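Asks: Next come the chains, spelled out residue by residue.
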Amino acid sequence: MRFHIRILFFALAFVALAARAQLSIEITGAGAQRVPIAIAPFAGENAIGATPITQIVRADLERSGLFRTLELPPLNPMPTEATSINYAEWRSRLADALVVGSVGVLPDGRYEARFRLYDVVKQQPLGAIAYTLAKNQVRATAHRIADFIYEKLTGERGVFSTRIAYVVKRGDRYELQIADADGAEAETALASFEPIISPAWSPDGKRLAYVSFEQKKPVVYVHSLVDGRRAVAANFKGSNSAPAWSPDGRTLAVCLSREGGSQIFLMSPDGSGLRRLTSSPAIDTEPRYSPDGQWIYFTSDRGGSPQIYRMPASGGDPQRVTFEGSYNVSPRISPDGRTLAYITRNSGKFQVALLDLVNKQVQLLTDSDRDESPSFAPNGRMILLATVLGGRGVLSAVSSDGRVKQRLTVTAGDVREPAWGPFTE
Amino acid sequence: MRAIAIAFLAAAAAFLAACSTSPTDEQKGAGVEERKPAVGTVEQPRVATVDVTKSQPGVNLLTDPSSILSKRSIYYDFDKFDIKDEYRPLVEAHAKYLRENSGAKMLIQGNTDERGSREYNVALGQRRADGVKKALTLLGAKESQVEAVSLGEEKPKSEGHDESAWSQNRRSDMLYNGEF
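Chains as they are written, first to last, in numbering that gives the first Met the number 0: chain Y, 0 to 424; chain B, 0 to 179.
Hints may be right or wrong, so weigh each one.
Unchecked claim - Below, simulated DSS-like cross-link-like pairs (lysine-lysine); rule was C-alpha separation at most 30 Å, straight line: (1) B:Lys79 x Y:Lys236; (2) B:Lys83 x Y:Lys348; (3) Y:Lys215 x B:Lys70; (4) B:Lys156 x Y:Lys168; (5) B:Lys156 x B:Lys104; (6) Y:Lys236 x B:Lys133; (7) B:Lys133 x Y:Lys348; (8) B:Lys79 x Y:Lys348; (9) Y:Lys215 x B:Lys95; (10) Y:Lys236 x Y:Lys205; (11) B:Lys79 x Y:Lys168; (12) B:Lys83 x Y:Lys236; (13) Y:Lys236 x B:Lys156; (14) B:Lys156 x Y:Lys348; (15) B:Lys154 x Y:Lys236; (16) B:Lys156 x B:Lys70; (17) Y:Lys134 x B:Lys79; (18) B:Lys95 x Y:Lys236; (19) Y:Lys215 x B:Lys156; (20) Y:Lys236 x B:Lys141; (21) B:Lys70 x Y:Lys236; (22) Y:Lys215 x B:Lys83; (23) Y:Lys404 x B:Lys83; (24) Y:Lys215 x Y:Lys236.
To be verified - What follows is a set of in silico ranges between Cβ atoms, one per label pair, in the way DEER data are often shown: (25) Y:Arg391 x B:Arg87: 49 to 57 Å; (26) Y:Glu213 x B:Lys95: 30 to 38 Å; (27) B:Leu60 x Y:Arg169: 58 to 66 Å; (28) Y:Arg169 x B:His160: 13 to 21 Å; (29) Y:Lys205 x B:Lys156: 49 to 57 Å; (30) B:Lys95 x Y:Gly389: 46 to 54 Å; (31) Y:Leu363 x B:Ser65: 51 to 59 Å.
Simulated from the structure, these hints should not be mistaken for lab results. All of these numbers come straight from a predicted model, not from anything done at the bench. The beta carbon of each residue, even a glycine, is placed where N, CA and C say it ideally should be.
Chain Y with its partners taken away, still in its complex shape (with noise of 0.2 Å):
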């Protein structure tokens, strides 16, 4: 009896740490004007019982670095979207947007949260949706409100609806998961004990390709998030790393060293097909598509130092990108295809660099010295990345301006290799 209370404890302890690992989010910097929004505190919304919509979207808004949430004073009556809206007080409240709204529940036991967004400044509505949602899914709802002001108010779309993959390394387990942009809701796709790196996502967000170590070296596997299903993709003799999805979702690049060093070839997601694209006695590793699927960028050290190299995805002769330094890796492609994010030795440290790829200027986004893998969000907005903080890794996300910043954090264990998702619908 004594031995089962013991295992039910330690059992409860773990559900408790899994619980509170989660990451958490710290703006570290902001851009330098922020649209003042009024967002109202929506009638009924306490009812749901899980974190008030509003307060989710406010964070969201917070967080993008373009947006301050105003206090506001208890109002009664609460305005909701039904409400006329007085503009001149919301005006002197110094706001230039205003969110109202109200969430009501509906006769089979879910809920419909209704808002609309007005301009103050122009005095004229901007909008307005209903959402049905059950319990579990306020979240994703705020979210979506979110993206519907973020979008209306900026002109461009917002990725509070995405979602973030990333390995966190908690003693010898390594967790593959996956959580909303905002670090919330974070699910374990694949537990393992030994080494995952290089999560890439499949342009319809539905899969994962990936390294594994679990079989004593590298193997890239294509995993299916909804159910779990796995398979290899590559597994042949030596290495197999660096999985790329071409922007049809139809093709993966991948570093391969059957043939010797370590080259880049083609294959299905299936792992049928094989080609070689690159042949050079040198590193061609870390491949990456441009977002139009014309071209490859990859990392080479044909030159003498590891350097970006990009060449037509049909074949052909690799030019040279990066020409600053002596060591530029992990090069990704901005979703406009205009910016190359990639990581550049400067003084020692590893740090973000963006280079323009029409006018040639480089501009180093970050002052930290342990900087990997960048990831666009797929707005090309903001940049995640891993970093290492008081010998632990954290992620890290920097704006493509390089003035906003934001750490995530979890509260035990290193989060490194992030990836951020694509847009779904």
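Got chain Y sorted already, so can you dock chain B onto it with the hints?
Replies: Here is chain B on its own, set in the frame of chain Y:
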């Protein structure tokens, strides 16, 4: 006493003959009993027992601390891939073992220190493992016996973040089948 010694010599001769015969010799020899029998024996050639239910003597050689074969790691200087002179005897001993034990298979795992890109480090570790594989095959190990892979920076021997830790982590490890 003398009889036992003669019998032993006969058995050894038969064993060596069996070892040195190529398939064509074997065919030619079959059924042709013209060879002079060794002095004083009229017995059939002995049958050598291969017993795989017990651990083979070679396995002990691989783990016996007094055997050079129990040493499995080759360490590298920063950003280097060449096998330093001090590791030559080690590589030669493992090549000899692979040569003499054609059933033995080896996995070479190349490793790097933690600095830089994880994927680029996989490629750097591969270059180290490929170098060991090349040396072993040049010394007579068969290509099919050896697989060179990389663990990059993922499996450090030392968890520290300074040169003394990094020097432990820039290495190739040689593992035999059953050990990985």
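Asks: All hints are to be evaluated individually against the structure, with a verdict given for each.
Replies: Structure-based check of each hint:
Taking the CA atoms of Lys79 (chain B) and Lys236 (chain Y), the gap is about 24 Å. The hint holds against a cut of 30 Å. Of the supplied pair hints, the one linking Lys83 (chain B) and Lys348 (chain Y) holds, its CA atoms being roughly 29 Å apart against a limit of 30 Å. Straight-line distance between C-alpha atoms of Lys215 (chain Y) and Lys70 (chain B) comes to about 19 Å, which keeps the hinted pair within the 30 Å bound. A hinted pair counts as satisfied when its Cα atoms are at most 30 Å apart, and Lys156 (chain B) with Lys168 (chain Y) qualifies at roughly 16 Å.
Among the hinted pairs, Lys156 (chain B) with Lys104 (chain B) is consistent with the structure: their alpha-carbon atoms are about 23 Å apart, no more than 30 Å. Of the pairs offered as hints, the one joining Lys236 (chain Y) and Lys133 (chain B) holds, with about 15 Å between alpha carbons and a cut-off of 30 Å not exceeded. Among the hinted pairs, Lys133 (chain B) with Lys348 (chain Y) is inconsistent with the structure: their alpha-carbon atoms are about 34 Å apart, more than 30 Å. Proposed proximity of Lys79 (chain B) and Lys348 (chain Y) is supported: the alpha carbons are some 20 Å apart, at most 30 Å.
Proposed proximity of Lys215 (chain Y) and Lys95 (chain B) is supported: the alpha carbons are some 25 Å apart, at most 30 Å. Pair hint Lys236 (chain Y) plus Lys205 (chain Y) holds up; C-alpha atoms about 28 Å apart against a cutoff of 30 Å. The suggested pairing of Lys79 (chain B) with Lys168 (chain Y) holds, with an alpha-carbon distance near 29 Å, which does not exceed 30 Å. For the proposed pair Lys83 (chain B) and Lys236 (chain Y), the alpha carbon gap of about 26 Å is at most 30 Å, so the pair holds.
For the given pair, Lys236 (chain Y) sits about 24 Å from Lys156 (chain B) by alpha-carbon distance, which is consistent with the 30 Å threshold. Pair hint Lys156 (chain B) plus Lys348 (chain Y) holds up; C-alpha atoms about 23 Å apart against a cutoff of 30 Å. Taking the CA atoms of Lys154 (chain B) and Lys236 (chain Y), the gap is about 20 Å. The hint holds against a cut of 30 Å. For the suggested pair Lys156 (chain B) and Lys70 (chain B), the alpha carbons sit about 15 Å apart, so the restraint of at most 30 Å is met.
Between Lys134 (chain Y) and Lys79 (chain B) the CA atoms are separated by roughly 58 Å; this puts the pair beyond 30 Å, and the hint is violated. Pair hint Lys95 (chain B) plus Lys236 (chain Y) holds up; C-alpha atoms about 23 Å apart against a cutoff of 30 Å. A hinted pair counts as satisfied when its Cα atoms are at most 30 Å apart, and Lys215 (chain Y) with Lys156 (chain B) qualifies at roughly 15 Å. Distance check on the hinted pair: Lys236 (chain Y) and Lys141 (chain B) sit about 15 Å apart at the alpha-carbon level, within 30 Å; holds.
Restraint check for Lys70 (chain B) and Lys236 (chain Y): satisfied, since their Cα atoms lie roughly 24 Å apart, inside the 30 Å limit. Between the alpha carbons of Lys215 (chain Y) and Lys83 (chain B) the distance comes to roughly 26 Å, so the proposed pair stays at or under 30 Å and holds. Only pairs whose Cα atoms come within 30 Å are accepted, and Lys404 (chain Y) paired with Lys83 (chain B) is rejected, the gap being roughly 45 Å. Among the hinted pairs, Lys215 (chain Y) with Lys236 (chain Y) is consistent with the structure: their alpha-carbon atoms are about 12 Å apart, no more than 30 Å.
With their beta carbons about 41 Å apart, Arg391 (chain Y) and Arg87 (chain B) fall outside the hinted range of 49 to 57 Å. Against the hinted window of 30 to 38 Å, the Cβ-Cβ separation of Glu213 (chain Y) and Lys95 (chain B) comes to about 32 Å, which satisfies the hint. For the pair Leu60 (chain B) and Arg169 (chain Y), the beta carbons lie near 39 Å from each other, so the given range of 58 to 66 Å is not met. Checked against the hint of 13 to 21 Å, the C-beta distance between Arg169 (chain Y) and His160 (chain B) comes to roughly 19 Å, which is consistent with it.
Distance hint for Lys205 (chain Y) and Lys156 (chain B): a CB-CB separation of about 38 Å, inconsistent with the stated range 49 to 57 Å. Range check, Lys95 (chain B) to Gly389 (chain Y): about 49 Å between beta-carbon atoms, so the 46 to 54 Å window is met. Between Leu363 (chain Y) and Ser65 (chain B) the beta carbons are some 55 Å apart, a value that agrees with the proposed interval 51 to 59 Å.
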